[in-house]
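Dock chain P against chain D, hints included.
Chain by chain, the residues:
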Amino acid sequence: MLLLARRGPCSILHRRHASTRTVNSVINALTSEPSSLCAPSAGPLAGLRLAVKDNICTKAWPTTCSSKILENFKSPFDATVVSLLLDGGAEIVGKANCDEFGMGSLNIHSSHGPVVNPFGLHNGEIVERRSAGGSSGGSAAAVAAHLCDAALGTDTGGSVRLPASYCGVVGLKPSYGIISRWGVVSFADSLDCVGVLAQDVHTVRRVHNALAIYDSRDPTAAPSRIREKAAQLCRRHLEQGQDGALNGLRIGIPQEYFPTELQDSIVASVQRILAQLRSRGATLVPVSLPSTRYALSAYYVISSAEASSNLARYDGIECGMRVEPPPGADLVKTANVYAHTRSLGFGKEVQRRMLLGTYALSADAFENYFLQAQRVRKLIKADFDRVFCVPNALNSSPSAPSEGVHVLLHPSAIQTAPKLPGQDDANAESSTLDAYVQDVMTVPASLAGLPAMSVPGGQGADGWPIGVSVVGQWGCDELVMRVGEVIESCREEAS
Amino acid sequence: MLAHGRTRLLTRNTRWTRQAHDARWPGWELVVGIEVHAQIKSRRKLFSGCGAEALASDLTTPPNTHVAPFDAAFPGTLPHLNPKCVELGVRTAIALNADVQHRSAFDRKHYFYADLPSGYQITQQYAPIARNGRLDLEKDGISVRVKQVQLEQDTGKSTFLPRNRITAIDLNRAGMPLMEIVSEPDMRSPEQAGNYVRTLQALLRSVGSSDGNMEQGSLRCDVNVSVNRVGEPPGTRCEIKNLNSVKFMMVAITCEAFRQISLLERGLPVAQETRGFNEERAETYSLRSKEDAPDYRYMPDPNIPPLLIDSTYIDAIRQRMPELPNATRARLLVQGLSQRDVEVLMDVDSGREVGYDGQLGYGAVAYFDEVARGRDPKVVVNWITHELLGQLAFRDETFKENPMSTEQMGDLIDLVQAGKVTGTSGKTILRHILTTRTSDLPSKIAEDLKLLAASDDGASLETWCREAIAALPEQADVVRRGNLKVVDKIMGHVMKASRGTAKAQDVRAMLLKLLQ
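If you're matching them up, the sequences are chains D and P in order.
So the numbering used here is basically just the index in the first sequence, starting at one, shifted up by 104.
So the numbering used here is basically just the index in the second sequence, starting at one, shifted up by 23.
Excised from the complex, chain P in its bound form:
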């Protein structure tokens, strides 16, 4: 449930996005930088070896069932770098136009917490796998610089059970691979920040490195927010931790901007600190001040040799890079699709399943590409977005559940285009496939259901038309007197009689001939 205040903030946000000076805070400038933690979609954990217990898990996995001795920090265990995670990290770096570092290294970040069994997290503090990337936000017309991408371990999960005052620990997630993607402070509004995260999500999904699912926690954001009077240097920043939806992140940034401005306007300084966000109250609160910042005692991990990546390896990944969202969008537009059709296709596409270890999911765009091979793209996109997606939505099914193969869709479009079935029959066949989930080709279904268009069967057409005229004598007279509009009514009668197999144009021509 959204609180009233928050709803108001959101509506105001969207209205003023494009304004150079933000009407929410005239005279002030907002500066935002974002750290995204995206879980790498790999089958196995980052360092836990190849045992069955080192497999990735999801929210349905029973607690503490995917835990290798290494994940529980058992004595005598050693890390073993999973090359798939490196590959997906490099793929992401290339997608972000970043420089993949030929030499990167792993460090230990120390702190005591119950969901961190070894007492340290292995990360890349000093030498990240990639630097100097950027992410273009086409909608905002800006390019956000990406400072670095680093590989690191996820922690386990701890859940406080207030009733028995204990903390339950689940180590399934412990040791899962994360990419920390650190932006430069290049965003100037909550909306740009939201767009950055959404664009990044789509990018990660398109290269198959993460499913970027914020609800399930496979993508988490920390944002750095500061404000300054226009023309003045940036102010002191505060970090807001653990934001787990784009919407709440935008609200949190807005609230934080107002809080900082209100302090400065009263002549009070903004303290550099780490803050949390209360979603119910729509306000940020202090977690710890700069003075209380823990000393993580970073140390190069003595067990993990430097990660050396040569140009041949990077080039090989570059060769096999999947198409990025911006390129897909441009390609579809060139094919003559409307902006709207492209958005619909891409939107459905971004919901596709991201496979393990970089295996690319099969989404709406791939479906379109396959059907459109050798066919008119505009016709194909119409059938997909209007008929198929429409019917799926009507049936409350997602594209993932679509039973209609590209062969079936292609055959159907060919039948309709060739005039072998009418558009109406085509839609019937489509519904038939969705309902019965048959794998029969539409040409066979059309035959079985007697839906083949009676194109050159002049005899039956004439019979249907004569019957219709006989059935509707008044309307026939009106047409005879020259009011051609009424012919549509008689046509409807014919169509009904032919169960949609008659072609409207032919019916019209025959009726006019008979009524002349």
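Only chain D is shown next, with the shape it has when bound in the complex:
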């Protein structure tokens, strides 16, 4: 698909790539060196330069998932999203660093090393080493540092929205099943979504619309008739948000999303945005999603269980790294042969989650963990269906409260970007738990498969970016983006 024609604009790209390399060497956002490939200039994405998260398969670059176990792996095919980008005329500048297989919230669990948040860059130097967030930290940092116009990430429990929030960019996790997962390396299939990150909502929409196409190779893709049904249901509520006027728009503020851990400065920023939205005609409605407090546990059980299953394939036989068993090792039991490869190939965090997931699926724990988590997931979906006025197109008989809200709005994270742990951080273990807590704001939308977007929402007390999240009913991606655009314009007004 890539056109290797050396034309005029290429020399410009060459110069651009030179500066890109310098910045990238500091923030470590792109794993493969930007290449000087020129893309065809026609198509809806012509002129856009994109980075693609390294857990999305590309024929032209290795796909490592930031894991040693796939360090030299080159996929024999392009992911559907990659083909769509190239067909749309976009240029792909390279692969973006991430947490290993998408597991992490800080992009520190990577065989390529941590991503450094470019917000701490001053005159090409890092003055404050903070996390870019994870797991799509490389994608967010590449956008924030202008290494590209937009980036593809993946979002399983907040992996697009959290780094977007930390890096001060826009990050959209579309409705589950809207963008094809063919060629996206599975972490937890029932939660994984391809997401888009960019400097502004307009660019996010451009990329999203080029990718939101039914793909028969993704068995979980929403069929066209469901997409149309959802579009119809949303359209009835979409008059709002045009030209920045919000008359009639009801925005729900979920009380469970303001936990004690939330930094005060974040609350203040969100309040400022809410006041602006109200002044434009929106109605603010306090709502409750009572099952939210179980979401984090359910999320970690389900995602880890699926991960333990999906990652069983990395055994050193068909592809990826292989560690030969040492002389005299037990070769009788297959699992013991694999263990050498898997113990060295997987990082600590991935191993931790696989063990957790394996336990959750064991005969003794299945009922109390896996099935219980699935029940919680249903409750969380029901919570959302109870507050939205737009009915859920996935339900067999969609109905919704007429007095319900159009979208929900809440902080994207409990804090601004945390400091990157030092090389010899004694508190590595406790920071792991902190990282899990961080996901509390983002996992409910993932469990329910809802569209959610983090939009820059000002600065925290420390001057670092904060994000606010807009969450909509399934299939209301466009409504979410429109509200996001209004928030964007509010911020421009304020500054």
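FYI, nobody ran anything at the bench for these hints, they're computed from the structure.
Check each hint, because a few of them may be wrong.
Distance condition first, Cα-Cα at most 25 Å in a straight line; then the derived DSS-like pairs of lysine-lysine [stated by the list, open to error]: (1) D:172 - D:437; (2) D:437 - P:519; (3) P:450 - P:423; (4) P:443 - P:423; (5) P:473 - P:508; (6) D:437 - P:270; (7) D:437 - P:132; (8) D:437 - P:450; (9) P:473 - P:526; (10) P:450 - P:473; (11) D:523 - D:437; (12) P:473 - D:482; (13) P:132 - P:162; (14) P:508 - P:519; (15) P:270 - P:132.
Same frame as chain D, but now just chain P:
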């Protein structure tokens, strides 16, 4: 090679099949249940998509040439359910009188093995495609309940190469569709178990869902065996894995029954375990105990949405269902065929090729049906079973290699029936067709070979007869004196002279007229 002990067991088996109390183990009752894994005869694999590399393969396919990225569990691949496999699963379920489930689902069964690239097999643990079926064993007069039918993936093949101490893996078979057909423990003897598998094989072949070939591994059996004293509840069962011929399965069940009875008679318990079968030694051996049973960590497959099958779909398949063996047998008997002829036809028929994706093979029964249209079925079946099959067998050819079309067979039978050629000439024509593989119609062949019966050509008949009488004066005298038996001898001379074109009845009448 059969070991002595095993041969003895087999002969004893057949002798005592119908006995209510099995003379092999008086006072004991045997309980058998069977899990059959039958490979679905689909052109493409169960979930591997539509690329050329996802095609089905056979034993002649070079290793690792039919492997889609999904089969090798490459990262980023996703399953894509092959609707043909669902259709054949439903066809099988209908043939087994099972309830096709309107909603079924796929689960992952996890274990690490080199021929399982993804680390899990996609199967239907919790919600199978069909439940509550049954298979009637007419010969045994019993009906075996079928608990469920589930769709699942086959694994690859691993072969240990002892010389270089490595395991070679062939993924051609990885991801091929299987039906697991689980019976209830309704069989009471090794013979019933054997009959169950053979009947099931014939059923699968007749609906075109599997070729059920145990030698090539497209049908594999696991059997559950337990024994109990008559009148007592069933005993602890053992599972014997991977039996790949009906004969060995029956031997394995017999051996296992003896082993369990011997334990119980010594007051020892039977441990619930999984056992293998050593064909050379004719004995089962422990593979793993219940405590060592692996935890497969079943999980609903998050990539595959539930399989929803509505009544319209099931009815459409029911409408197009091919005839099942029991119905075929009954229909042929009604047409006046003998039990023996029916068995021969059905036996040859079951060897027909099973086409891909449910395409029905063309077998001996279909051949018979076509030829018998508008003709006497009994005459037709005689020509097929006695002459055609006989000649094919003589030539060491199978029915599949039969070059004689139904048009040729029909024309031939018509010629003979109408008296245009004699039976003897008819057989000559049949042999001529098998040898030359000509597509000419028998009426043309008869003309070319001058085999048309000299029916009303009284002149030549009389000439042949006079010549014969002249050639055999002694015999002619004996006949003249009233011993009519000897006329046959003179007839033979005439037949020879006419090269079989003369009709025996006419010859006889003419000779008697001339010798009166």
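Hint-by-hint comparison with the structure:
no.	hint	verdict
1	D:172 - D:437	24 Å, holds
2	D:437 - P:519	77 Å, violated
3	P:450 - P:423	20 Å, holds
4	P:443 - P:423	30 Å, violated
5	P:473 - P:508	30 Å, violated
6	D:437 - P:270	31 Å, violated
7	D:437 - P:132	18 Å, holds
8	D:437 - P:450	64 Å, violated
9	P:473 - P:526	14 Å, holds
10	P:450 - P:473	14 Å, holds
11	D:523 - D:437	44 Å, violated
12	P:473 - D:482	85 Å, violated
13	P:132 - P:162	37 Å, violated
14	P:508 - P:519	18 Å, holds
15	P:270 - P:132	30 Å, violated
The structure fails hints 2, 4, 5, 6, 8, 11, 12, 13 and 15 (numbered hints given earlier, in ascending order).
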